[in-house]
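So you can see what is in the structure, the chains are spelled out below.
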Amino acid sequence: MAEIHLKNLAHSYYPNPKGDGDYALKKIDHVWEDGKAYALLGSSGCGKTTLLNIISGLLHPSDGQVLFDGVDVTDLPTEERHIAQVFQFPVVYDTMTVYDNLAFPLRNRGRSEDLVKERVMHIAEMLEMTDVLKFKARGLTADAKQKISLGRGLVRENVAAILFDEPLTVIDPHLKWLLRMQLKALHHRVNNTMIYVTHDQTEALTFADQVVMMYDGYVVQIGTPQELFERPAHTFVGYFIGSPGMNILPTHIDGNLAKINGLSVSLPDSYKFDADKKIELGIRPEFCSLSREEGLDSIPVSIKRIEDIGRHKIARADLAGQEVNVIVPEGISITDEHTHLSFDASQINVYSNDWLVERGAQS
Amino acid sequence: MNKTWNNKAWWMVLPVVLLVAFSAVIPLMTVVNYAFQDTFGGNQFFWAGLDWFEEILTSERFHNALGRQFMFSGIILAIEIPLGIFIAMNMPKKGWGVPVCLVLMSLPLLIPFNVVGTIWQVFGRVDIGLLGAAMAGMGIDYNFTQNITDAWITLIVMDVWHWTSLVALLCYAGLQSIPEAYYQAARIDGASAWSVFRYIQLPKMRGVLLIAVLLRFMDSFMIYTEPFVVTGGGPGNATTFLSIDLVQMAIGQFDLGPAAAFSLIYFLIILLLSWIFYTVMTNMDKENGR
Chain A
388 MAEIHLKNLA HSYYPNPKGD GDYALKKIDH VWEDGKAYAL LGSSGCGKTT LLNIISGLLH
448 PSDGQVLFDG VDVTDLPTEE RHIAQVFQFP VVYDTMTVYD NLAFPLRNRG RSEDLVKERV
508 MHIAEMLEMT DVLKFKARGL TADAKQKISL GRGLVRENVA AILFDEPLTV IDPHLKWLLR
568 MQLKALHHRV NNTMIYVTHD QTEALTFADQ VVMMYDGYVV QIGTPQELFE RPAHTFVGYF
628 IGSPGMNILP THIDGNLAKI NGLSVSLPDS YKFDADKKIE LGIRPEFCSL SREEGLDSIP
688 VSIKRIEDIG RHKIARADLA GQEVNVIVPE GISITDEHTH LSFDASQINV YSNDWLVERG
748 AQS
Chain B
156 MNKTWNNKAW WMVLPVVLLV AFSAVIPLMT VVNYAFQDTF GGNQFFWAGL DWFEEILTSE
216 RFHNALGRQF MFSGIILAIE IPLGIFIAMN MPKKGWGVPV CLVLMSLPLL IPFNVVGTIW
276 QVFGRVDIGL LGAAMAGMGI DYNFTQNITD AWITLIVMDV WHWTSLVALL CYAGLQSIPE
336 AYYQAARIDG ASAWSVFRYI QLPKMRGVLL IAVLLRFMDS FMIYTEPFVV TGGGPGNATT
396 FLSIDLVQMA IGQFDLGPAA AFSLIYFLII LLLSWIFYTV MTNMDKENGR
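Chains as they are written, first to last, in our numbering: chain A, 388 to 750; chain B, 156 to 445.
Treat the hints with care, since some could be wrong.
[To be verified] Simulated crosslink set (EDC-like; lysine to aspartate or glutamate; CA at most 20 Å straight-line): (1) A/Lys665 - A/Glu710; (2) B/Lys359 - A/Asp487; (3) B/Lys359 - A/Asp481.
[Said to hold, decoys possible] Derived contacts from chain A toward chain B, CB cut-off under 7 Å, selection only: (4) Leu445; (5) Thr465; (6) Gln472; (7) Asn495; (8) Arg496.
Hints in this document: simulated from the structure, not taken from any laboratory.
The beta carbon of each residue, even a glycine, is placed where N, CA and C say it ideally should be.
Sequences are here, hints too, so could you generate the full structure?
This is the structure:
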């Protein structure tokens with residue numbers, strides 16, 4: 388178990404990177420605490436796997452260092468880092484039995500057969516695999532194979548961290564949920580640092596204590612699932628997290644009044660921006676509401692269509708040419724007569740050039 | 156239960172039946188015809204029963220040729236398969252070396268059999284051949300036309316030169332298809348180079364190795380052109396393999412009956428051995444599995 392410190396880390400796949408564009412992973416400096424579950428979340432190609440491979444040592448970073456518990460491991464090969472990694476596609480040794488698969492990392496390190504047996508039985512019990520130990524690993528289902536890959540990591544006594552690289556990609560949907568729950572329960576039991584790469588927000592939000600949101604090689608936000616939901620640090624986070632994502636509306640702000648195509652919305656705080664900045668309002672569909680009568684601070688909209696997705700409905704409204712999504716709770720019906728939209732002012736976020744402007748920062 | 160019977164689909168099979176009939180069944184039947192009958196010319200045939208088979212199966216000549224054939228195929232497989240795997244594992248994985256290697260290794264495979272024979276026949280000649288003359292110059296007593304061991308070594312080296320590329324290329328394709336994650340997982344598990352070979356590369360190559368073994372076994376067991384050109388089956392009968400012996404019997408001595416029986420036995424041996432290879436290699440790992 389270890390605390391992982393990524394010190395001024397950056398990586399480029401080019402030998403002589405010039406400028407930010409050549410870096411697959413832009414400079415980050417962050418400490419990941421011991422025993423916590425982190426999720427690396429972002430769309431494909433944003434640098435998640437690059438970062439993961441740097442931590443596991445499969446990739447040597449172009450700049451910066453990786454420290455485990457204060458010890459620089461940047462130049463250590465993978466096998467000396469005490470890292471376990473579960474890959475996107477299940478990796479099992481086909482010709483071996485499940486038992487031999489689990490025993491493999493220990494035998495490679497020259498442990499005695501007694502110890503191997505004790506550890507393998509312990510892990511097999513934890514993963515609920517004791518009844519298949521004698522079978523060849525090849526014949527098992529994808530989810531069982533993924534559990535073996537995980538087990539091969541857990542079986543070693545001194546694992547610093549367990550890394551998951553989109554481990555549920557090839558698992559059937561109904562098993563995904565089950566396996567995710569098992570993983571979470573496992574994390575509570577073994578209390579290892581876990582890093583979980585995914586592009587599925589549900590997976591990230593249910594698994595992790597802390598979500599590391601990546602976008603185009605940058606770490607744009609690190610926070611709890613709730614923080615990512617309520618106060619996205621970047622418009623991409625707002626857009627990526629949530630279904631549907633945050634409404635992002637171009638605006639002009641003067642003091643505590645925002646103007647969207649001439650319509651005014653009052654803000655809980657006052658701001659002042661340079662004229663050349665791109666200013667946007669971010670408001671989650673959950674914090675928007677529609678009504679028939681004009682109310683305080685309401686703005687006129689027209690309803691374009693309504694999608695019923697079961698537990699609630701999503702209304703697509705037109706606000707002076709901008710599309711705004713509104714989540715309508717169950718039991719409320721929306722008609723064309725609902726022409727007034729209002730926002731929960733405390734949940735409005737203001738973005739300047741895509742980055743969140745902290746409240747009170749300018750007052 | 157009302158079942159409608161419609162047999163029109165059988166017409167769809169007809170082209171295949173015709174093709175197989177003309178390419179395999181009819182030629183085979185003419186051989187079968189000769190194997191069970193005797194003739195003194197004039198298109199008159201007499202029933203011979205299993206006489207020819209008995210004659211071949213009890214003849215020392217056939218036993219000797221069969222023994223030589225097994226030895227040859229055994230040596231060929233024992234050299235070409237491990238060597239092919241070894242070469243494949245040391246070929247470059249990416250970069251400009253890949254196409255260069257692939258083209259160079261394909262070259263021997265593109266040369267016609269009798270040309271390969273001629274090349275080595277000339278190459279090994281003591282008077283003018285590069286290899287033969289060089290050996291003579293170094294004082295090594297080498298002469299494949301007179302010495303049995305030299306003749307065997309020449310044929311084996313020639314076959315290894317001609318066909319190891321095939322095994323290597325097949326294995327290379329098998330190796331290239333192993334996802335990178337396997338090697339990464341092995342590194343994390345602390346596996347040695349031998350373990351990576353034994354538990355990842357070899358099992359993943361099993362499919363292509365099966366093809367390689369079958370192809371090399373069948374080809375070497377049927378070898379004709381190269382030894383015919385290089386040694387002509389000699390010195391003496393030392394390199395008279397089954398097909399050389401068969402041609403001598405059929406064309407040289409015009410013993411069509413025994414030759415036909417010989418052909419059928421030959422065919423059945425290859426069929427049987429290929430089936431055994433296939434069954435053994437596909438079942439090798441099934442015990443304990445599900």
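Going by Cβ atoms only, is A/Thr465 closer than 7 Å to chain B? holds (5 Å)
When the nearest CB of chain B is found for A/Arg496, is that gap smaller than 7 Å? holds (6 Å)
A closest beta-carbon separation below 7 Å is what the hint needs, so does A/Leu445 meet it against chain B? Where the cut-off is 7 Å and the nearest Cβ of chain B is about 5 Å from A/Leu445, the hint holds.
Would the hint on A/Asn495 be counted as holding, given a Cβ-Cβ threshold of 7 Å to chain B? Hint on A/Asn495: holds, closest Cβ of chain B at ~4 Å, below 7 Å.
Do the alpha carbons of B/Lys359 and A/Asp487 lie within 20 Å of each other, as the hint requires? holds (18 Å)
Quickly compare the C-alpha distance for A/Lys665 and A/Glu710 to 20 Å and report which way the hint goes. holds (18 Å)
Given a cut of 7 Å on the nearest C-beta pair, is the interface hint for A/Gln472 held or broken against chain B? holds (5 Å)
What's the verdict on B/Lys359 and A/Asp481, does the C-alpha distance respect the 20 Å limit or exceed it? holds (9 Å)
Every hint, counting from the list given before, is met by this structure.
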